[in-house]
Amino acid sequence: MSQPRESITTPFIIGAIVLFTTGAIATVLLPFFEDTMKRPNANAEIRNYAADSPEYRGRQIYIREGCHTCHTQFVRPTKGDMNLGPVSVPQDYYYDSPVMQGTVRTGADLMWVGRRTSPAWHKAHLKNPRDVLPGSIMPSYNYLTEQETDDLIAYLMSLKPAPSTAGTGAPSAPIPTREREGDTNR
Amino acid sequence: MVTNEQLSYRAIRYIYYSAIVWLLVGMTVGLILSIKYVWPDFLVIGPLQKYLQYGRIRPVHTNSVILGWLTMAYVAGLFYVIPKLTRAPLAHPRLALIVGYLWNIFNGLGGLTLIGGYTTAIEYAEYLWPIDLVFFGLFACVMFICFRTISNRREKQLYVSLWYFMGSLIWFPLLFIIGNIPNGMIGGIPQALAAWFYGHNVIGLWITTVGVGFTYYLLPKLSKNPLYSHKLSLIGFWTIATFYVWNGPHHLQNGPVPSWLMKAGVIPSVLLIIPVWSVLANVFGTMKGKWQLVSHDVSLKFLITGMIFYLITCVQGPFQSLMGPSSVLKFTNWVVGHAHMPLFGAFSSVVFALIYHGFKDFAGREIYSKKLMDMHYWFSVIGFLVFAFSTWTQGVLQGFAWAEGKQYGIQFVEVMQALRPFSIFRSAGGFLMFAGQVVFAYNIYRSAKDGIPVEKKDQQTA
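These protein sequence lines are chains A and B, in that order.
Going by my numbering, the first residue of the first sequence is number 28, and it counts up by one from there.
Going by my numbering, the first residue of the second sequence is number 106, and it counts up by one from there.
There's no promise every hint is true.
As the list claims (entries may be wrong) - Simulated pairs of lysine-lysine, DSS-like, Cα-Cα distance not exceeding 30 Å:
#, chain 1, residue 1, chain 2, residue 2
1, B, 155, A, 154
2, B, 155, A, 150
3, B, 476, B, 554
4, B, 368, B, 189
As the list claims (entries may be wrong) - Label pairs and their computed distance ranges (CB to CB):
#, chain 1, residue 1, chain 2, residue 2, range
5, B, 509, A, 48, 42 to 52 Å
6, A, 77, B, 508, 30 to 40 Å
7, B, 223, A, 174, 39 to 49 Å
8, B, 551, A, 83, 38 to 48 Å
Simulated from the structure, these hints should not be mistaken for lab results.
Ideal Cβ positions, reconstructed from N, Cα and C, are used throughout, including at glycine.
The task is simple: from the sequences and hints, build the whole structure.
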């Protein structure tokens, strides 16, 4: 085995800590001081649920059942997201704790799902997704109580843009037409 | 009298065997999840519907394989390798065994709470904070044991692997704190950044760096060549320590973060090719003239395969972190395939090599069957390739279908249906991977029970 020259541990320990701290400060701590992270917008206010409101309880169900493992709440200024509604900005998430951005779209994005659906649609869909969308692989949530289902729907319906920002979609997004098309498909 | 070595080998055996159980648990859950992509009503029977619901067991899969299987196996590996490299006995072997016991309780508790629906909802950090505290305590014990052993060293030189181990032992708890800041204290995009800082770096500064340390230990042993370049390994260590920490923000590529932050995340991701290549160049350099050994030695086969998957991971990762590719591939199953590569393809392979290599020592017996070792290898590799290529294909299909506008409603479901054949392949690949691990577990079990004791064999040959 080749003989390394290094024999003291201190430089490795100090170096490891310093380099780690630099990265952590830059990518975790500094963003806290970004203007966009420091204040909510009108969309965020809609999502600032009073404790024990139906939306708040619905959000807890959303978390408990792990909806975020398949659904994102994250609209990007990309072609793949152009029909989903306004592009997400940091201010939208101001009150979102734990943050529900999600990482995989096994199901559709839900950032503004309240805008394109109705409570009745959700009720049928949650009971058995395949009744409404044949071929869907979403699990049935028919084991939720009536109360839980209603709360969850209240949460989902609250996920819509504030009137002031509703028109600011991605530049090329033909939202109104798509919306109607989507409706006929459902 | 029980010697220190016997005590430490007992702890190592216990932790390794527990890790293998968690591997089987985690992969069983993974298999159930993958079947749910094909038949969403799979196991929707009575109370199982609720407790094995996709969203609840998905974090059970990730936590069992990361904190149960790989991290536990890594801890056992550290307890095995550090004394070899320092020529000092493992410090506090009794504590090591207790850590093993409690670690199992920690993981079991974590899994049960997740199935019960108690989760922080932060990916890879889903366990609730009281359970996090248990983990933190356990890891503090691991650090204490490892650093005590290193400071008692009789070997004056610090071998390459030890730098990696020391770095990782310091980074992991720090990462863990940042990733697990309780929900009430943090939210919004800063929380997403903290979560990705943890989610990405638990792979980069724990799984990767300890795994590379094991590789540097195993490579000269298995190839019987000296390590090719000391300087390269130095470059590799310091560049990985410099660049990896910065990678978190690339998980929010094209997302609601300032553009300076996106760049701060992507540029170091691309620069990661330096540490990766320095490791691979060292691997290839060390193997020079010894490649024929690969076909005879399953440990070496696993090690080299792991390193090749490591290289592919770190070429693929920077590619998909770029703005353009990310706009197509983000949120698709491509990422799922990518995430499995370092964890299963690369570093689980390194651990398999380490377990097979060290078995004679810590269990005092020969491996029961070489044929089963080979089966383990081929099932794992072929299964993984089938699995990975089906997720990657799915990802590309999904990304382009969404770009055509099929983003919700029945159009989205049509894309989902088009993925079904690939989901079947994905499950089949997953089943092969799982079958490989069953063979592995059986082989280790039989070896521990009926393997030829090493001492006896030595006496016969003497």
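The hints, checked one at a time:
For the hint pairing residue 155 of chain B with residue 154 of chain A, the CA-to-CA distance comes to about 13 Å; that is within 30 Å, so the pair holds. Between residue 155 of chain B and residue 150 of chain A the CA atoms are separated by roughly 18 Å; this keeps the pair inside 30 Å, and the hint holds. For a cut-off of 30 Å, the pair hint linking residue 476 of chain B to residue 554 of chain B stands: about 17 Å separates their Cα positions. Only pairs whose Cα atoms come within 30 Å are accepted, and residue 368 of chain B paired with residue 189 of chain B is rejected, the gap being roughly 42 Å.
At roughly 45 Å, the beta carbons of residue 509 of chain B and residue 48 of chain A sit within the given window of 42 to 52 Å. Under the hint 30 to 40 Å, the C-beta atoms of residue 77 of chain A and residue 508 of chain B, about 39 Å apart, fit the expected range. Under the hint 39 to 49 Å, the C-beta atoms of residue 223 of chain B and residue 174 of chain A, about 19 Å apart, miss the expected range. Between residue 551 of chain B and residue 83 of chain A the C-beta distance comes to about 54 Å, which lies outside the given range of 38 to 48 Å.
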